[in-house]
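Protein chains: 2
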Amino acid sequence: MASEETLIERVRRRFPIALNGLQVGIGDDAAVLSAGGKSEFVITADAFLENVHFLRKAHPPKVVGYKALARATSDIAAMGARPKCFFLTLGLPAACTRKWFDDFLGGMARAAGRFGLQLAGGDTTKYATVVISLTVLGEIDRGRAILRSGARPGDLLCVSGTLGEAELGWRLVQKNWHTRKGRARLLQKHLYPEPRLALGQWLAANRLATSMIDTSDGLSTDLGHVCRASGVGAIVWAPKIPAVEVPSDLRRLGLEPLRLALHGGEDYELLFTVPRKLARRLPRKAGGVSMSIIGEITEERKVVLVDAGGHESTLKPMGWDPFR
Amino acid sequence: MASEETLIERVRRRFPIALNGLQVGIGDDAAVLSAGGKSEFVITADAFLENVHFLRKAHPPKVVGYKALARATSDIAAMGARPKCFFLTLGLPAACTRKWFDDFLGGMARAAGRFGLQLAGGDTTKYATVVISLTVLGEIDRGRAILRSGARPGDLLCVSGTLGEAELGWRLVQKNWHTRKGRARLLQKHLYPEPRLALGQWLAANRLATSMIDTSDGLSTDLGHVCRASGVGAIVWAPKIPAVEVPSDLRRLGLEPLRLALHGGEDYELLFTVPRKLARRLPRKAGGVSMSIIGEITEERKVVLVDAGGHESTLKPMGWDPFR
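Going down the list, the sequences are from chains A and B.
The letter at position 263 of the first sequence is residue 263 when you use this note's numbering, and the numbering goes up by one with no holes.
The letter at position 237 of the second sequence is residue 237 when you use this note's numbering, and the numbering goes up by one with no holes.
These are computed hints drawn from the structure, not numbers from a lab.
Among the hints, a few may not be true.
Calculated cross-link-like contacts (lysine-lysine; reagent style DSS-like; alpha-carbon spacing at most 27 Å) [to be verified]:
#1 K38(B) / K126(A)
#2 K175(A) / K316(A)
#3 K316(A) / K126(B)
#4 K302(B) / K316(B)
#5 K126(A) / K57(B)
#6 K57(B) / K181(B)
#7 K126(A) / K126(B)
#8 K38(A) / K38(B)
#9 K57(A) / K175(A)
#10 K175(A) / K38(B)
#11 K126(B) / K57(B)
#12 K175(B) / K126(A)
#13 K126(B) / K57(A)
#14 K302(A) / K316(A)
#15 K302(A) / K277(A)
#16 K302(B) / K240(B)
#17 K57(A) / K99(A)
#18 K240(A) / K285(A)
#19 K38(B) / K57(B)
#20 K57(B) / K175(B)
All values derive from a computational prediction rather than experimental measurement.
With the sequences and hints as input, model every part of the structure.
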């Protein structure tokens, strides 16, 4: 099969958007649906599948439950919306014990409580593997949703938190290095990502961001989505990227901070653009998380990485693609 | 694992309903969400999984695409609502060709066109099997959604169309008898179920039905859902059930019309209750489909089947349970 992007393109051709009340459809973090009144609904759907997104042996059920909902809710954060309710469809192997299921629900309930989400419906079926699909619905004041398509040349490129932390954790799990002493803290972001809801809502309320996406696939890929949707390019200043700290023994094994930060997925930070003249209104921290200015939007439709020595290279999307 | 009902009960205990604006949550065909204005949103989520709900060898991709969306949309019909838009999450094996995918999308687009649905978003991932999850959103005038919980003693029990047709088709496919001559027409309902959207909306607009459900799991199981939700029982008159016609050669092989009609799943007809004094306003056909009065609601909380000779027996839920 082709890349995810090609698939989505074919889906989009087959299902052109022409809906009354549907402000934004396929191709943003979430759809925006007019509710008729002074608010809009923001809706996103996300799959979380055993052996692709998680391993039943390595990831305890409470992590599976928590992370499934955190990932999907991050799309609500990326629109600047307030989470409201969610729908769960679940395929569950006969071998999953009552304890597995209860721990799974416990993790999901913990996430729901933290994010202010109510379970509103769903569907459960026996299946060979654990397959989870979540639809999350949020609410936002009319016209305030922050889309991928609003970046303009000259805007500054900003990102919250630290990049590459989740990828570092995932690599440790894949290589089975995560059980060694002192490694638990390196797994935190991989196991319990934190959708940046407060920051997203703060940006929407203050009308500071012209575009926004969450870093689910990795900076290089997600920035590509924003640039394509906005019809612009970008320059990224490598020394400004808030990259993960990697212990020296792991760096020697090839886990390089800048590569992890550029291409590592699942950080669920917010990547957004701010008009240069509004940048002074951007605090160092908002919604409890730090913010970094890492580049700027350009007219020319390509994404360029500039290193500390001023050397320029093309930044290709090399993050997560479920079809690669 | 336990039965689906037990699982749902555990989910419900973990996620109590306390949402502002959420009129109906887990346990009905769909959730009802206030949009603030004069209409409400009705939302349902449904999984359609390879090797459980369909077989890639027996079911062509256009059937998979059509039926996945028809099933989910039937829950919107069962609330009396108008379909609006849907979200698709999809896991797709690398072995699925471009043609398979295009035919799948074609079948889904045909269903979307028929039902008046717009694709609004989703998520695609590579996976070992085809796993589909759909969230469908509909709209209805405030307070008009027909719930499972409104049946009252004395109400007449009605059903649309014919029961057992889909189960007959599924049995033929399972036994690989479906390729024989003259069998194609017996498969129609199994392959291309028809959500009763016009009938559901007609019943809601005319305030005729006190409760409603779609027959996705089979009459015996779905009637059980209505009775439990409403705190009532029912008498079903066996000779009144509009059962599938089964060719004599298949009847000799054990495919018995009444059993198929009582316990066969996936007909996606509407099962609803009507106050006795309004029954005269019920035409023989509405929304292009015939209607049959097949019993009545009783105070005593059990479901009884009465045969042509007046003999009574308990009607146990023996329809589809994904965990049996």
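(message) Hints numbered earlier in the text: which of these fail when held up against the supplied structure?
(response) Of the numbered hints, 1, 10 and 19 do not hold.
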